[in-house]
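Participant: Here's the letter readout for the chains.
There are 2 protein chains.
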Amino acid sequence: MELSPEWVVGFVDGEGCFHVSILRHPEMVAGYQVLPQFVVVQHKRDIQILYALKRFFRCGVVRVNHGDRYSYRVRKLEHLEKICDFFMKHPLKTKKHIDFRKFRKIVLLMKEKKHLTKEGLKEVIEIAMEMNTSERPSLEKIKKDLGNG
Amino acid sequence: MELSPEWVVGFVDGEGCFHVSILRHPEMVAGYQVLPQFVVVQHKRDIQILYALKRFFRCGVVRVNHGDRYSYRVRKLEHLEKICDFFMKHPLKTKKHIDFRKFRKIVLLMKEKKHLTKEGLKEVIEIAMEMNTSERPSLEKIKKDLGNG
Numbered sequence: 001m002e003l004s005p006e007w008v009v010g011f012v013d014g015e016g017c018f019h020v021s022i023l024r025h026p027e028m029v030a031g032y033q034v035l036p037q038f039v040v041v042q043h044k045r046d047i048q049i050l051y052a053l054k055r056f057f058r059c060g061v062v063r064v065n066h067g068d069r070y071s072y073r074v075r076k077l078e079h080l081e082k083i084c085d086f087f088m089k090h091p092l093k094t095k096k097h098i099d100f101r102k103f104r105k106i107v108l109l110m111k112e113k114k115h116l117t118k119e120g121l122k123e124v125i126e127i128a129m130e131m132n133t134s135e136r137p138s139l140e141k142i143k144k145d146l147g148n149g
Numbered sequence: 001m002e003l004s005p006e007w008v009v010g011f012v013d014g015e016g017c018f019h020v021s022i023l024r025h026p027e028m029v030a031g032y033q034v035l036p037q038f039v040v041v042q043h044k045r046d047i048q049i050l051y052a053l054k055r056f057f058r059c060g061v062v063r064v065n066h067g068d069r070y071s072y073r074v075r076k077l078e079h080l081e082k083i084c085d086f087f088m089k090h091p092l093k094t095k096k097h098i099d100f101r102k103f104r105k106i107v108l109l110m111k112e113k114k115h116l117t118k119e120g121l122k123e124v125i126e127i128a129m130e131m132n133t134s135e136r137p138s139l140e141k142i143k144k145d146l147g148n149g
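Taken in order, these protein sequences are the chains called A and B.
Just so we're aligned, residue 1 is where the first sequence starts under our numbering, counting upward by one.
Just so we're aligned, residue 1 is where the second sequence starts under our numbering, counting upward by one.
Since the hints were made in silico from the structure, they are not lab data.
Each residue gets a CB set at the ideal place from its N, CA and C atoms; glycine is no exception.
Fair warning: there could be bad hints in the mix.
[As the list claims (entries may be wrong)] Computed Cβ-Cβ distance ranges for the label pairs, DEER-style:
{"id": "1", "chain 1": "B", "residue 1": "86", "chain 2": "A", "residue 2": "1", "range": "18 to 26 Å"}
{"id": "2", "chain 1": "A", "residue 1": "44", "chain 2": "B", "residue 2": "138", "range": "20 to 28 Å"}
{"id": "3", "chain 1": "B", "residue 1": "75", "chain 2": "A", "residue 2": "41", "range": "37 to 45 Å"}
{"id": "4", "chain 1": "B", "residue 1": "19", "chain 2": "A", "residue 2": "44", "range": "19 to 27 Å"}
{"id": "5", "chain 1": "A", "residue 1": "133", "chain 2": "B", "residue 2": "88", "range": "36 to 44 Å"}
{"id": "6", "chain 1": "B", "residue 1": "19", "chain 2": "A", "residue 2": "26", "range": "50 to 58 Å"}
{"id": "7", "chain 1": "A", "residue 1": "64", "chain 2": "B", "residue 2": "2", "range": "37 to 45 Å"}
{"id": "8", "chain 1": "B", "residue 1": "19", "chain 2": "A", "residue 2": "135", "range": "30 to 38 Å"}
{"id": "9", "chain 1": "A", "residue 1": "41", "chain 2": "B", "residue 2": "118", "range": "38 to 46 Å"}
{"id": "10", "chain 1": "B", "residue 1": "75", "chain 2": "A", "residue 2": "24", "range": "50 to 58 Å"}
[Unchecked claim] Which bits of chain B does chain A cover? Going by a derived footprint, with three or more residues having C-beta under 8 Å, they are:
{"id": "11", "stretch": "45–55"}
{"id": "12", "stretch": "62–69"}
{"id": "13", "stretch": "131–141"}
[Stated by the list, open to error] Dumping the calculated SDA-like pairs for lysine to any residue here, alpha-carbon to alpha-carbon at most 20 Å:
{"id": "14", "chain 1": "B", "residue 1": "44", "chain 2": "A", "residue 2": "82"}
{"id": "15", "chain 1": "B", "residue 1": "89", "chain 2": "A", "residue 2": "6"}
{"id": "16", "chain 1": "A", "residue 1": "82", "chain 2": "A", "residue 2": "67"}
{"id": "17", "chain 1": "B", "residue 1": "96", "chain 2": "A", "residue 2": "81"}
{"id": "18", "chain 1": "B", "residue 1": "54", "chain 2": "B", "residue 2": "31"}
{"id": "19", "chain 1": "A", "residue 1": "76", "chain 2": "A", "residue 2": "58"}
{"id": "20", "chain 1": "B", "residue 1": "89", "chain 2": "B", "residue 2": "58"}
{"id": "21", "chain 1": "A", "residue 1": "93", "chain 2": "B", "residue 2": "56"}
Let's have the full structure, built from the sequences with the hints guiding it.
Facilitator: Below, the structure written as structure tokens:
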């Protein structure tokens, strides 16, 4: 199955997700790990679409998600940069592009290793809070843990 | 906002729905009304996408769906024919194309007014049962009501 860039944009406008997790990780300098990921979830009957996305972007993995749902997932920073470059060149048309722009900001901060300092991490968390509003309380807590330093 | 055919296919592969309802309607010869519809539902923040689809297909309406969700909906038979022509020319890539082909069969049967006879209506119900599996029990019941005539 051959995908066109415009089809991919339309499909991701519907089904794609740009998400940033902030996870406790005592070995990291700032005590937390930043985990941005681009994910598309489908019922297993459409697993071939997920593999077509993997071939299209030439990165990422297809994994079981929950029950009979599978996900195409990109986590490696260098690969997320490729994903971001694609969606800068082929913009999303739904309001998802707002989340995407915030996601990209975080990816670029990580590329500059800003997230490894408390200051930079707080900046990342501020952006993530605007994206993942349902996780705002836990992100607020992490920000508080990081102190005013 | 200008939509391209390929973007529309990708978005509908993700968010579109081809659905056929069979409703009791004593004034119809066979006692039931066949109501096929093409629907795309979005949160109100993306209502402009629904209006863009309406402009793209040059038919259909945008209406409130549930709470803060809106739908773009096409119900008129002549307009559904246009929608079907589009997706025949620009095929869906997910398994949704299987539902679409069944949906189109029903639209074509209706164009020939087959659904106005008991025989034709039973044929429509048979196809609808394969599409809307969750509604199979109520469709089975209607089929039984129609008898073996």
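Participant: Check each numbered hint from earlier against the structure, then list the numbers of those it violates in ascending order.
Facilitator: Going through the list in order, the structure violates hints 3, 12, 13, 14, 16, 17 and 18 and respects the others.
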